[in-house]
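Participant: Sequence:
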Amino acid sequence: MRREQLEYAAARYGTPLYIFDLDILKRQTDRLRGALGDKTGLCYAMKANPFLTRQMAEKVDRIEVCSMGEFEICRRLEIPPEKLFISGVLKKKEDIYKILDICQDRCRYTVESVKQLHYFLEWSDAHMKVLRLYPRLTNGSQFGMDEDTLRSVISIVNMSPYLEIEGIHYFSGTQKRRVRQFQEELEMLDKLLLKMRNEWKVRIEHLEYGPGTAVPYFKGKEAKTYTDEGLDSLREAIGSMQWKGNVTIEQGRAFAAECGYYLTEIRDVKKNKDTHYCIVDGGNHQLNYDGQIRGMYHPDIQVIPGDNRGQRKKWTVCGALCTMNDVLCSDVELADVRTGRVLVFERTGAYSAMEGMALFLSHSLPAVVSYDRNTGWSLLRDHQPTYIWNMPDESLKETESSADNILINEAELSAVNF
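Per the working numbering, residue 2 is the first one in the sequence shown, and the count goes up by one each step.
Some hints here could point you the wrong way.
Okay, derived cross-link-like pairs now, SDA-like style, lysine to any residue, Cα gap no bigger than 25 Å in a straight line [unchecked claim]:
1. 222 with 233
2. 94 with 60
3. 271 with 341
4. 93 with 122
5. 315 with 269
6. 196 with 178
7. 222 with 333
8. 130 with 159
9. 225 with 236
10. 94 with 115
11. 202 with 163
12. 192 with 206
13. 27 with 8
14. 192 with 247
15. 99 with 122
16. 93 with 104
17. 314 with 268
18. 220 with 314
19. 192 with 266
20. 274 with 334
21. 192 with 41
22. 225 with 184
23. 60 with 89
24. 271 with 315
25. 130 with 141
26. 130 with 83
27. 202 with 222
28. 116 with 201
29. 222 with 243
30. 93 with 150
31. 271 with 309
32. 27 with 82
33. 192 with 237
34. 27 with 225
What follows is a list of derived Cβ distance ranges for each label pair [unchecked claim]:
35. 315 with 77: 38 to 48 Å
36. 268 with 152: 57 to 67 Å
37. 388 with 229: 43 to 53 Å
38. 356 with 204: 33 to 43 Å
39. 69 with 274: 45 to 55 Å
40. 69 with 162: 25 to 35 Å
Since the hints were made in silico from the structure, they are not lab data.
We treat Cβ as the ideally placed atom computed from N, Cα and C, and that holds for glycine.
Take the sequences, apply the hints, and build the full model.
Facilitator: So, in structure tokens, the structure goes:
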């Protein structure tokens with residue numbers, strides 16, 4: 002995004018501010034599609050950035066949904082159920098039933114446990130609808146099931162006329178920097194899928210695989226898995242599998258990270274002993290880079306307005322929170338640092354807007370805008386106060402008061418009748 006565009010957004014919408022450049026999002030999605038080939042499906046994990054769900058639904062084959070909140074977002078955006086891949090480590094029975102009542106057999110559903118399987122079994126028996134399931138294989142964490150449990154789940158499914166194992170779901174973590182990690186996981190999955198076919202006599206048509214491609218957020222921290230060469234290696238690893246079925250690659254960060262900018266204004270500058278500090282109106286409750294520790298690593302930062310040609314010196318950038326942990330960047334070299342200037346943090350399109358401590362100290366939520374060359378700027382969310390969520394709900398107090406009055410009146414009436 003050009004500097005003049007960033008300056009315009011800061012002036013028009015104020016700070017703190019998230020910007021999502023949809024042209025960059027499209028280019029990155031096209032890059033991933035081209036690198037992995039047309040035979041490989043793409044799934045967008047909307048947890049990375051729900052604000053991009055509508056655009057990504059038009060570009061990818063599936064949208065991964067991991068909560069009822071995310072499901073409601075998709076409903077309001079009118080995302081077709083056929084696009085939804087219903088996932089998540091915890092699926093409550095009432096939530097599964099609500100989704101099933103709405104989407105029925107049009108979605109695909111992951112299964113994290115035997116208990117979850119029984120929810121799908123009960124609903125499908127009652128409604129006589131065939132559901133397409135994706136049991137999730139664990140990587141040794143709390144997610145999914147081990148191989149023995151997976152086999153038991155498949156045995157149960159085989160006894161139901163209304164459940165179908167369409168595929169297997171596997172995700173083992175994020176920010177993987179070595180291509181060899183992809184290759185090892187796909188080799189393991191290949192062996193399992195062949196074992197399921199040859200020994201278990203179960204034919205699996207689809208693999209939903211989350212490779213956890215790393216995004217290089219910091220200077221000097223490259224990620225081979227994010228390069229074109231790394232993606233080519235992933236495609237080759239998929240193509241070399243002896244099991245021949247359909248593969249969908251599930252990504253969030255790799256799609257969205259590059260399209261995002263976080264803007265925060267410098268409100269104060271000072272020097273304490275030998276350290277130069279600039280205090281901004283945002284903070285680490287609104288900005289999150291995976292792997293960042295007390296601002297040790299340096300992301301790409303611009304200072305606007307200006308040309309950044311002044312004398313550069315080291316600054317420690319701190320936010321507005323009343324905690325010494327609120328350090329966005331330590332000893333980063335910047336020029337033209339002064340009050341009124343705006344710092345632009347790049348590659349914040351994934352998770353940064355979602356993972357912070359949004360309610361801490363009751364600061365307002367930043368505004369969110371998007372841009373693309375065809376439609377220009379769009380305000381997706383204005384600055385929102387959060388103090389209303391950090392205090393008793395007055396409407397609830399009024400409701401409780403009314404209920405108490407009703408109980409008192411009924412008690413008085415009963416006393417009179419007695």
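Participant: When the hints from earlier in the document are held up against this structure, which numbers fail?
Facilitator: When the structure is compared with the hints, numbers 2, 6, 19, 25, 27 and 29 turn out to be violated.
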